[in-house]
Amino acid sequence: TQLLEQSPQFLSIQEGENLTVYCNSSSVFSSLQWYRQEPGEGPVLLVTVVTGGEVKKLKRLTFQFGDARKDSSLHITAAQPGDTGLYLCAGGSYNTDKLIFGTGTRLQVFP
Amino acid sequence: GAVVSQHPSWVICKSGTSVKIECRSLDFQATTMFWYRQFPKQSLMLMATSNEGSKATYEQGVEKDKFLINHASLTLSTLTVTSAHPEDSSFYICSARDRDGLNYGYTFGSGTRLTVV
Chain A
1000 TQLLEQSPQF LSIQEGENLT VYCNSSSVFS SLQWYRQEPG EGPVLLVTVV
1050 TGGEVKKLKR LTFQFGDARK DSSLHITAAQ PGDTGLYLCA GGSYNTDKLI
1100 FGTGTRLQVF P
Chain B
223 GAVVSQHPSW VICKSGTSVK IECRSLDFQA TTMFWYRQFP KQSLMLMATS
273 NEGSKATYEQ GVEKDKFLIN HASLTLSTLT VTSAHPEDSS FYICSARDRD
323 GLNYGYTFGS GTRLTVV
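So the sequence lines, in the order shown, correspond to chains A and B. To get the working numbering, take the position in the first sequence, counting from 1, and add 999. To get the working numbering, take the position in the second sequence, counting from 1, and add 222.
Far from chain A by the CB rule (all over 10 Å, computed), these chain B residues:
# : residue
1 : LYS242
2 : GLU274
3 : ASN292
4 : THR300
Once the Cα atoms are required to be at most 25 Å apart in a straight line, the calculated SDA-like pairs of lysine to any residue come out as:
#  : chain 1 : residue 1 : chain 2 : residue 2
5  : A       : LYS1097   : B       : THR253
6  : B       : LYS263    : A       : PHE1109
7  : A       : LYS1069   : B       : MET267
8  : A       : LYS1097   : B       : PHE250
9  : B       : LYS263    : A       : SER1006
10 : B       : LYS263    : A       : GLU1004
11 : B       : LYS263    : A       : LEU1010
12 : A       : LYS1097   : B       : ARG246
13 : A       : LYS1055   : B       : GLY223
14 : B       : LYS263    : A       : SER1072
15 : A       : LYS1097   : B       : VAL225
16 : A       : LYS1097   : B       : ASP249
17 : B       : LYS263    : A       : GLY1091
18 : A       : LYS1097   : B       : PHE261
19 : A       : LYS1069   : B       : GLN264
20 : B       : LYS263    : A       : GLN1008
21 : A       : LYS1058   : B       : GLY223
These aren't lab readings, by the way, just hints derived from the structure by calculation. Glycine included, C-beta positions come from ideal geometry on N, C-alpha and C.
Using the sequences plus the hints, can you model the full thing?
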C-alpha cells in the first residue's frame, strides 16, 4: 500500500512568516500533485510535478519533487491569511490511474 | 478548463434509507472516475475507481454492497449509499481524469456532505 505522510500535521503562523510542508513516502510515484482544500469544498489543484528534482514556482509557492520521486515539499514565502486551508499532496501511480492522497497539513495564517 | 459537477452538495437522510450522489464531467469525457471519502479534519481516502461500462474497483475495506457505483456513460458516475447508517455520515468527493487535459487532468467535484440521522 502506498502511503504519503505529510508534516507537519498542523501549522499556525503569523502573516509574513515562511513555512515548508513536507510530503514523504517509501514508494516511487509517477507524478506528485499538491492541492489546497477549503472547508466544504473539493480540493483544488495547485501544481503537478513529474520529473525527479523538478522545482516549480507559483507566485509565493515553491514546489519541489525529490530526485528519487518519493518525496516533495511545498514552501510558502510571506504567508497571508488567504493561504489558510488544508494542503494535500497526492501521488500518481505508474500502473493505475489512482491518485493517493497524503495525510494533509492544516495551515492557519493569522493577520 | 475541465469541470466536474457533483450533486447534491449536501443531503440529510433517515437511517435505513439509500442516497444517490451524482458526479458529472461537464466538458470532457471521463472513462475513469474516482470516489473518495473524507472524515472531518482528515485527508481524502480513496473508496473506489469507477470504470465506464464495467464494474468498479473497490479499495480494501470498502463494502461494495454498501457503496454501489455505476458508471453508465462517459460523463456520469453515481455512488449510492445503501441502507445508510449514522456512521456513513461523511463528506464524499468524486474526481475524474481528463486524459487530454493539462497537468495530468484530475478534476474534483465540490463534494457531498451526507448526514444520516
